Amino acid sequence: MKKIGLLGASGSIGTQTLDILRREEDFKLSFFSVHQNIEKAKRIIDEFSPKIALITSMEAYHSLGKFYGSTKIIGPNDLESLLRYEEADIVLNAMMGMSGLSSSWWILEGGGKLALANKESLVSAGKLLTDLATENRGVILPVDSEHSAIWQCLEGKNNRGIEKLILTASGGAFRDLTKTEMLTKSSKEALKHPNWSMGQKITIDSATMMNKGLEVMEAHWLFKIPPKQIDVLIHRQSIVHSLVQYDDGSLLAQLGISDMRQPIHYALNEKSRLPLDLPRLDLAQAGLLHFEDVDRDKYPTLDYCYKALEEGGNRPLLLNTINEVLVEYFLKDELSLKELFSGLNQAFDERFFEPRDLQDLLEEEKRIRFKTEEICKP
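Counting from 0, one number per residue, gives the positions in the sequence shown under numbering that gives the first Met the number 0.
Watch out, some of these pointers could steer you wrong.
[As the list claims (entries may be wrong)] The list that follows gives simulated cross-link-like pairs (lysine-lysine, DSS-like), each with its CA atoms no further than 27 Å apart:
{"id": "1", "residue 1": "Lys71", "residue 2": "Lys39"}
{"id": "2", "residue 1": "Lys27", "residue 2": "Lys39"}
{"id": "3", "residue 1": "Lys178", "residue 2": "Lys71"}
[As the list claims (entries may be wrong)] Simulated DEER-style distance windows between Cβ atoms:
{"id": "4", "residue 1": "Lys370", "residue 2": "Lys337", "range": "31 to 39 Å"}
{"id": "5", "residue 1": "Lys306", "residue 2": "Thr133", "range": "47 to 55 Å"}
{"id": "6", "residue 1": "Asp281", "residue 2": "Thr14", "range": "37 to 45 Å"}
Derived from the structure by calculation, the hints contain no laboratory data.
Please read all numbers here as calculations on a predicted model, not as lab measurements.
Note that CB positions come from ideal geometry on N, CA and C, so glycine has one too.
Kindly generate the complete structure, drawing on both the sequences and the hints.
Shown next, in the form of structure tokens:
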């Protein structure tokens, strides 16, 4: 029986992970976290009977009590001790945004296996986290569909002969609009993703192409490939999830339906291909597959991400945190898309330094978040 910890159980990835656990008799939910969705937490406890449930909102935690049935309820101050000392074979981190960074750090510092769906962890602390994993024999298992696709294409192989990694992007809600048309659109329109069902923040990032830029940064750290050897193509069908090009001209690709349960299942099984009852891709019905270059003028976010990755240091953390704040204000319709794009430049005007540890990262994140919020306030 494989014991699974799940952080961010009430979100999109968390919900789909629970569906995988529901289907797999060999998986046991050992512990989980939610922020403040107490009703969802109760339903999870009723169905899966985990040992521990962590509520990251202090107010919500106090409203639930110390136990619910036989499940122990703990609060936000217990997160570090939970990840350091509670037994789990794999912890899937699906927490949203920078809140997941500390969790990823503690899991890897303890030599644990981290199924990573929180892209901000690697984006903001890629070198430190991968070094931490190496030093402590921790393991990072990619959950993002694009990185899982590359991982699957590399199955049984090393990095020798890799010429290029190609990440595919759906193009998001604004892919058929001109730049001028796109810049007039609201957050409500940006949330209409053509292919995937995801949370609000990642759906906005998909519309701006920031999500793909962050994934370029993740791919660099996961697979140790230089940024100049990582490309992005728009593939509106979201059938080809990523490709690996070799120096003999060969291309390996991973194809499948748009369903996050497949990469989640693959990560939790640690690359073992086990049966999964999901709809199959019908290639004849899919027909032609279309690919196109990204319009870098329309989507400046992609160049920002490459620039931050090349400069290194605190630049990726700055860019990611500033984007998080700007997206929050865009979702509240207190910021236009044009202002969001221009606001990201702030990341390159800040002082540069090399974070040395988790404390450095958290202090810098807090500083730039406060500064950006002050700028955004009406």
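Checked hints:
no. : hint                        : in the structure
1   : Lys71 / Lys39               : 16 Å, holds
2   : Lys27 / Lys39               : 18 Å, holds
3   : Lys178 / Lys71              : 51 Å, violated
4   : Lys370 / Lys337: 31 to 39 Å : 21 Å, violated
5   : Lys306 / Thr133: 47 to 55 Å : 27 Å, violated
6   : Asp281 / Thr14: 37 to 45 Å  : 26 Å, violated
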